[in-house]
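A.B. asks: Place chain B with the ligands on chain A using the hints.
In the order they appear, the protein sequences are chains A and B. Note that the numbering used here has the first sequence beginning at 0, numbered continuously upward. Note that the numbering used here has the second sequence beginning at 7, numbered continuously upward.
Just so you know, these hints were derived from the structure itself, not from any lab. Some clues are possibly wrong.
[As the list claims (entries may be wrong)] Coverage of chain A stretches by chain B, computed from C-beta distances (three or more under 8 Å per stretch; other residues unrestricted):
| no. | stretch |
| --- | --- |
| 1 | 175–185 |
| 2 | 309–320 |
[Claimed, not checked] Residues from chain B shown here face chain A by an in silico Cβ test under 8 Å; the list is partial:
| no. | residue |
| --- | --- |
| 3 | Met7 |
| 4 | Leu11 |
| 5 | Glu13 |
| 6 | Gln15 |
| 7 | Ser36 |
| 8 | Ala38 |
| 9 | Thr91 |
| 10 | Asp93 |
| 11 | Ala184 |
| 12 | Asp185 |
| 13 | Gly228 |
| 14 | Arg230 |
[Claimed, not checked] Derived DEER-like restraints, expressed as beta-carbon distance ranges:
| no. | chain 1 | residue 1 | chain 2 | residue 2 | range |
| --- | --- | --- | --- | --- | --- |
| 15 | B | Arg60 | A | Pro386 | 19 to 27 Å |
| 16 | B | Thr83 | A | Ala28 | 30 to 38 Å |
| 17 | A | Glu155 | B | Glu67 | 31 to 39 Å |
| 18 | A | Thr274 | B | Asp87 | 47 to 55 Å |
Note that CB positions come from ideal geometry on N, CA and C, so glycine has one too.
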Amino acid sequence: MTREALAGWGSTSPTVADVRWTTAQRLPAQLGEVGERGALLRGLGRSYGDAAQNAGGTVFRLDDSVHGVVLDPQAATVTVGGGVSIDELLRVIVPAGFFVPVTPGTRFVTIGGAIASDIHGKNHHRDGSFGSFVESIELVLADGRVTKVSPACDPELFWATLGGIGLTGAILSATIRLIPIGTSRLLVDTLRCANLDELMSQMLANDHRRRYSVAWLDPLATGAALGRSVLTIADHAEPGDLGAAAGADPLSYRAAQRATLPALVPPAGLINRMTVGLFNELWYRRAPRRREGELQTIPSFFHPLDAVGRWNRVYGRRGMIQFQFVVPEDRPDVIHTVVSALAEHGTPSFLAVLKRMGPSGPAPLSFPAPGWTLALDVPAGGRSLAPLLHGFDDLILDAGGRHYFAKDAHTVPAAIRRGYPRLGEWQAVQRRADPHGLWQSDMSRRLGLTHAEGDHR
Amino acid sequence: MNNGLGEPQRVVLLGGTSDIGLAIVRALCSPALRRIDLACRDTAAGERAAADLRADHPAVEVEVVGFDGAQPETHQTALDDLGRTGDLDVVIVAFAQLGEDGGVRDAAAAARLATVNFAGNVSAIIAAGNVLRRQGHGTVVVLSSVAGERVRQANPVYGGSKAGIDGFAQGYGDAVAADGVHVLVVRPGFVHSAMTAGRQPAPFATTPDRVAAATVAALRAGRRMVWAPGVLRYVFSALRHLPAPVWRKLPIN
Ligand SMILES: Cc1cc2nc3c(=O)[nH]c(=O)nc-3n(C[C@H](O)[C@H](O)[C@H](O)COP(=O)(O)OP(=O)(O)OC[C@H]3O[C@@H](n4cnc5c(N)ncnc54)[C@H](O)[C@@H]3O)c2cc1C
Ligand SMILES: NC(=O)c1ccc[n+]([C@@H]2O[C@H](COP(=O)([O-])OP(=O)(O)OC[C@H]3O[C@@H](n4cnc5c(N)ncnc54)[C@H](OP(=O)(O)O)[C@@H]3O)[C@@H](O)[C@H]2O)c1
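Looking at chain A on its own, in the form it has when it is part of the complex (with noise of 0.2 Å):
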């Protein structure tokens, strides 16, 4: 057990806890030696804000190894411990000719994390989001028992733990349906579009073409260039497509990293106007205009940002604040009204996605809805953020959208309460599950997410 400062991605509120590495055998007796600052499972910490920190509390990390995973390759399914990242998942099942059902933008993501989070990948319009593909979890419930939860076996549970954020119970290992590929490549059209709206014709035109479809634009063009953008859409590709060299060993997969970031990086950061400014216009000049079937590998394609270990530290001591939030289709001018009051503000964002979402799962606290999602990032310490972001917060909520725990650092309790109205019946699950208030994190103090909190001895 060590004392130390934990924080998200986002490096913004680092709180300090007792940190246990431990195993699924021995965590449930564990549980009972829990101070009344709670317990929290921790994943990788790949979350941007507070969800994976306990302050003054205890938080506890599967010590898993990858020999835990067993794959049926007849039923396409896996069984994989709560501490294993995508990562390592991917080194096994797509030599063997299979790939997870929903990816991040990283694959340092646990699957317990991938659970709580109920994460979404670029095939979301397609798809939906992880949940739909989880068949069990394995989760120790408050009290240490072992329990195993599914949509036939006590599915409340089971859907609260689904983007329930660590707070029903630490997830040991889960089963997951995984999808069947023909080769470790992708075939990639890419397009260029002058503006949002050109962006947004494209995408309702071409999403449902392809199982992946996402966009980066560039965050300080203005004027006419508003939202100028490269479209990618994908499908995996078939032995068939790919060339000799390639062909002979279609299932190929090497994820490396090339670099990492330093902790030497200046306390402001290397994130200014400029450096992004010029970042973002490459980037846009690079892509070609329209280009059809590109062969892309999985890292490049799903996990570019990987290339670099650490690359938040880009952002300095201060951090970055990750802003994503989704409203609904018919409301693009809440996409407009956003991008642009961030181009005008200034604020040097160097990374911004959208993507169009398909239907809503069961889980009452998933954060995917239909419509349009945004996700950016901005420096913290910048100069009137905060007001601009809480403006925006309103915009959103009154829109009749929500923002996204995994990124969530700002949003105020009754901005939850707003944006996802299913919040009591989870509550409700949560308690059931909880009773004492075992469970805790910053996030949920932060949001009074949980209310039993601190009677759990």
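C.D. replies: Chain B with the ligands alone, transformed into the frame defined by chain A:
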């Protein structure tokens, strides 16, 4: 909890009627702020300050509790009680007395002043720090003063107590950093407030609002020390090194 924008949800002001303290509290108001606790010895005056805050920030809960800086033995209980109603994100230690200029003859009065300004501040900071350490997060803002940078002959008890609390707060900040507790030392110059009412302003005189703005900016940036106004840092690094005979004759003395 502080959010990612550095906005606290709960702020406690020890010395709940302090002009500078209340200005900092106001500067920390945001849509995230949920509760303010004013801890003061004059709770009637505290209620008046609370009423003003409630009028301006209707969504924020404002509470007033009794707190006597001159009774260090009560501080831990007072802070523990506050901590029981939820996490404390920022605790501002703003209680102090200026005393009388030239008050270097009355030993008992000097000790009373030192008790409030030094012993009482030390115990309040430790009591708050103990709550924050258990929480694993939180910030103590300590109102020091340039008066402690080079102590003036006109009021050495005040200046000496500020020198002491300034040094203590810095060392304590280092001691509790690993527990997630941050200590910010604020060194204002002459501030137009109740404390200095009727006195001749010193050079670079400032206002509680400006001290508050500098304090909040320093909090957001995670700094450990802030001067208000900032120029005093350079002024005092010069004054500090003046030979005593020259310093003694300066008009600011
Ligand atoms: C570069 C980047 C790109 C991203 N792209 C996407 C994206 O495209 N789509 C998307 O949906 N998300 C995306 N994310 C967010 C990320 O997928 C989620 O935050 C995910 O939850 C992180 O997993 P983790 O293992 O790091 O979990 P952590 O961040 O450590 O924890 C997240 C939550 O899961 C809980 N948790 C973790 N393990 C367990 C367990 N064993 N049992 C119970 N609860 C547990 C924690 O308590 C916490 O509430 C991205 C993040 C980054 C950094
Ligand atoms: N004003 C300046 O020029 C200046 C400059 C540098 C530093 N500072 C420091 O800034 C801090 C705030 O000062 P200020 O300018 O805001 O003056 P202020 O308005 O007079 O505030 C001082 C506060 O301390 C309280 N206090 C005094 N003795 C107390 C006790 N025994 N128990 C509880 N509370 C007690 C006072 O309460 P009552 O009203 O009940 O007395 C008052 O609320 C002080 O530490 C001061 O030394 C001030």
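A.B. asks: Given the hint of 30 to 38 Å, is the C-beta distance from Thr83 (chain B) to Ala28 (chain A) inside that range or not?
C.D. replies: 36 Å, holds
A.B. asks: Would you settle whether the hint for Leu11 (chain B) is holds or violated, based on the nearest Cβ-Cβ distance to chain A being less than 8 Å?
C.D. replies: 5 Å, holds
A.B. asks: Once the shortest beta carbon distance from Asp185 (chain B) to chain A is found, is it less than 8 Å?
C.D. replies: 6 Å, holds
A.B. asks: Min Cβ distance, Thr91 (chain B) to chain A: is it shorter than 8 Å?
C.D. replies: 11 Å, violated
A.B. asks: Against chain A, is Met7 (chain B) within 8 Å by beta-carbon distance?
C.D. replies: Hint holds; Met7 (chain B) Cβ to chain A Cβ min 4 Å, cut 8 Å.
A.B. asks: Determine whether the Cβ-Cβ distance between Thr274 (chain A) and Asp87 (chain B) falls within the hinted range of 47 to 55 Å.
C.D. replies: Holds - the Cβ-Cβ distance for Thr274 (chain A) and Asp87 (chain B), about 49 Å, lies within 47 to 55 Å.
A.B. asks: Classify the hint on Ser36 (chain B) as holds or violated, based on whether any CB of chain A lies nearer than 8 Å to its CB.
C.D. replies: 6 Å, holds
A.B. asks: Taking 8 Å as the C-beta cutoff, is the stated coverage of the stretch 175–185 of chain A by chain B satisfied by three or more residues?
C.D. replies: Per the Cβ count (0), the hint is violated.
A.B. asks: Tell me if chain B covers the stretch 309–320 of chain A under the three-residue, 8 Å CB rule, please?
C.D. replies: holds (count 4)
A.B. asks: Report holds or violated for the interface hint on Ala38 (chain B), using the least CB-CB distance to chain A and a cut-off of 8 Å.
C.D. replies: Interface hint status for Ala38 (chain B): holds (6 Å vs cutoff 8 Å).
A.B. asks: Does the Cβ pair Glu155 (chain A), Glu67 (chain B) satisfy 31 to 39 Å?
C.D. replies: Roughly 34 Å apart at Cβ, these two residues keep to the hinted range, so it holds.
A.B. asks: Is the interface hint satisfied for Gly228 (chain B)? The criterion is a beta-carbon contact with chain A at less than 8 Å.
C.D. replies: Hint on Gly228 (chain B): holds, closest Cβ of chain A at ~7 Å, below 8 Å.
When the structure is compared with the earlier hints, violations turn up for hints 1, 9 and 14 and for no others.
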